[in-house]
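Single-letter residue listing:
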Amino acid sequence: GQQVMQIPQYQHVQEGEDFTTYCNSSTTLSNIQWYKQRPGGHPVFLIQLVKSGEVKKQKRLTFQFGEAKKNSSLHITATQTTDVGTYFCAGRPGANNLFFGTGTRLTVIP
Amino acid sequence: DAGVIQSPRHEVTEMGQEVTLRCKPISGHDYLFWYRQTMMRGLELLIYFNNNVPIDDSGMPEDRFSAKMPNASFSTLKIQPSEPRDSAVYFCASRRDSYGVLTFGAGSRLTVL
Numbered sequence: 001g002q003q004v005m006q007i008p009q010y011q012h013v014q015e016g017e018d019f020t021t022y023c024n025s026s027t028t029l030s031n032i033q034w035y036k037q038r039p040g041g042h043p044v045f046l047i048q049l050v051k052s053g054e055v056k057k058q059k060r061l062t063f064q065f066g067e068a069k070k071n072s073s074l075h076i077t078a079t080q081t082t083d084v085g086t087y088f089c090a091g092r093p094g095a096n097n098l099f100f101g102t103g104t105r106l107t108v109i110p
Numbered sequence: 001d002a003g004v005i006q007s008p009r010h011e012v013t014e015m016g017q018e019v020t021l022r023c024k025p026i027s028g029h030d031y032l033f034w035y036r037q038t039m040m041r042g043l044e045l046l047i048y049f050n051n052n053v054p055i056d057d058s059g060m061p062e063d064r065f066s067a068k069m070p071n072a073s074f075s076t077l078k079i080q081p082s083e084p085r086d087s088a089v090y091f092c093a094s095r096r097d098s099y100g101v102l103t104f105g106a107g108s109r110l111t112v113l
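Chains Z and X, in that order, give the protein sequences. Residue 110 is where the first sequence ends in my numbering, and the numbering goes up by one at each step. Residue 113 is where the second sequence ends in my numbering, and the numbering goes up by one at each step.
Calculated from the structure, these hints are not laboratory results. Small disclaimer: the values here were computed from a predicted structure and weren't measured. Any given hint could turn out to be false.
Derived CB-CB ranges, DEER-like [said to hold, decoys possible]:
1. X/G100 - Z/K57: 16 to 24 angstroms
2. Z/R38 - X/V12: 19 to 27 angstroms
3. Z/P39 - X/G28: 27 to 35 angstroms
For every residue, glycine included, the Cβ atom is placed at its ideal position computed from N, Cα and C.
Turn these sequences into a full structure, and let the hints guide you.
Listed below in structure tokens is the structure:
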């Protein structure tokens, strides 16, 4: 069945260090979305990638969609304490539901 | 827009009791989703509706769980009887159309003793 895996499951970084989470799908995706969930909060939409090889930036966050549209990454440059939370990718194989990844929990040490 | 509204925010109940969680989606959103989140299993899709019609309920754990959407502005998720393993945060989310993004509610944290 459809699976969307994320690595790492947890990441602890010193404030100012970079952070990357990777998302891999077992099937080709029509698009991929990224969400952030703060501790005690709910997932909040960050961005959607649609095109093969697409790269989008939001300030210190860089999102990439793989050429084969089976993987994606989120990179945060110079992490801040406000970046703390769990980052989820969610892939869509065609016009079906989103399949959420397992999430990467980021801790930023001041 | 007030966003997706869920109630109650917290519920503590005893095993065997009936639990009803409520959700009001964003007006104009055709899709409504119920998710369950636990540390062990992550974010799981339970069921989703399109134009008030249940489309996929394959994620519903068992017959103790049921969901309804009597109109475009209201949905319920019911657990009867509840069990301790049902303890989780239940999220409702809505989406405008097939390719839209999900807007989540604040969640209902359920504890079954």
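Worksheet item: Checking against the hints above, which ones are violated?
Response: Checked against the structure, no hint fails, so every one of them is satisfied.
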